[in-house]
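Please work from the sequences and hints to get the whole structure.
Protein chains: 2
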Amino acid sequence: MYKIKVSYAPSVRRLPSYLLIARQAFEHGDEFLSGTVIANELSLEPIQVRKDLSITGIVGKPKRGYPVEALVKAIESYLNWDQEVKAVVIGTGNLGSALIGFPGFKKHGLNIVAGFDADAKKTGAKVYGVPVYPITDLSSRLPQLGVTTAVLTVPSEFAQMVTDQLVSCGVKALWNFTNVKVKAPEDVVVQNEDLSSGYAMLSIKNRLRHERLD
Amino acid sequence: MYKIKVSYAPSVRRLPSYLLIARQAFEHGDEFLSGTVIANELSLEPIQVRKDLSITGIVGKPKRGYPVEALVKAIESYLNWDQEVKAVVIGTGNLGSALIGFPGFKKHGLNIVAGFDADAKKTGAKVYGVPVYPITDLSSRLPQLGVTTAVLTVPSEFAQMVTDQLVSCGVKALWNFTNVKVKAPEDVVVQNEDLSSGYAMLSIKNRLRHERLD
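If you're matching them up, the sequences are chains R and W in order. The first sequence begins at 579 in my numbering and counts up one residue at a time. The second sequence begins at 579 in my numbering and counts up one residue at a time.
Hints listed in this document are in silico derivations from the structure and should not be mistaken for laboratory results. Be a bit skeptical, because a hint or two may be false.
Treat identical chains as interchangeable: a pair holds within one or across any two.
As the list claims (entries may be wrong) - Derived lysine-lysine pairs resembling BS3-like cross-links, with alpha carbons at most 30 Å apart:
1. 761 <-> 783
2. 685 <-> 750
3. 759 <-> 685
4. 699 <-> 639
5. 651 <-> 783
6. 783 <-> 664
7. 761 <-> 684
8. 641 <-> 750
9. 783 <-> 759
10. 699 <-> 651
11. 664 <-> 759
12. 684 <-> 641
13. 639 <-> 664
Rendered as structure tokens:
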């Protein structure tokens, strides 16, 4: 399993927010963007922003901040978002469909080229213009599509079975939205996305709010 | 804005995974669960698991591990997940509908009691048994429902306007799935959920995989 230094993960998670702000500044025609402005926008400490951005290799200028165009490119290059990644979504229920239609992904180089579903009522149709194929076509279609990245939004009970299938079809990167910690070979990258994690954060913040009021 | 210590956030984000494993052990009738078993299951270091769990106040026994029932209760209690929180989902498109139907939330005490949408074609119907009302009914319905938590899945351009409305209706906790960093008063808790964050993690892991192969 490929792990990144655990201490890096929160910084990596914040990079997309920085990128969004940097792109807005670029579209606005700004030449420089200060870490303090980014920090204020995101309710973070300026030192945190500078530390996070340093992992991309970008260097700011004293008193002026980061050169905007270079900042956008540094984040994109660090995340490999300057290159197109073709992906498929397995399971085109509400969540899968939402991900296919998510407007942000294309800007990050993520191009979802097909969906797959076990439900014959969903296959043959298009979701946001993306074709949905029967899941039984995985082994024939994936190599043909040249895809090695898959987004998993199937019901939990099928998560491991579908993962095994995807791996056997050459998938090397799996973005897993099920709550099953699927097992995959060492050379396959898995990112587990747990919607409950965000709710845990909201819950803690809410609890702190109540404690302050008490 | 209520902030938790930044260093705590990754631990809090992992608690739901620990809770899932602890609940499975409980259902399986296990009396103790070791940090090492949890660590193996989640591909984490045992010391990380013990550090994370320590924030809940749970204490393990040498060589035996954590008492399972107490562990479940400690995590639930720390997150306030042993108490019901009623919430509404604003915007019942694919993502909003997926969140309404997400099976995990009920287990965390999160009870989504209604959806709201601006699209008359969506209102009046039910999503996973949950009624969807016109967004114009917010101010009359929210106090009546006794809800102070809202999940925001509207198109980005409406995010701030809807946030202002929710705040004026008494919402105190906002789980924001739009990519707009909405502004809210100091006494309102906001958790920004950015699907791009997870993709940034997958991208970095994938990049490291490629670099190892090169």
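ask   = Against which earlier hints does the structure fall short, listed by number upward?
value = Structure breaks hints 4, 8, 10, 12, 13.
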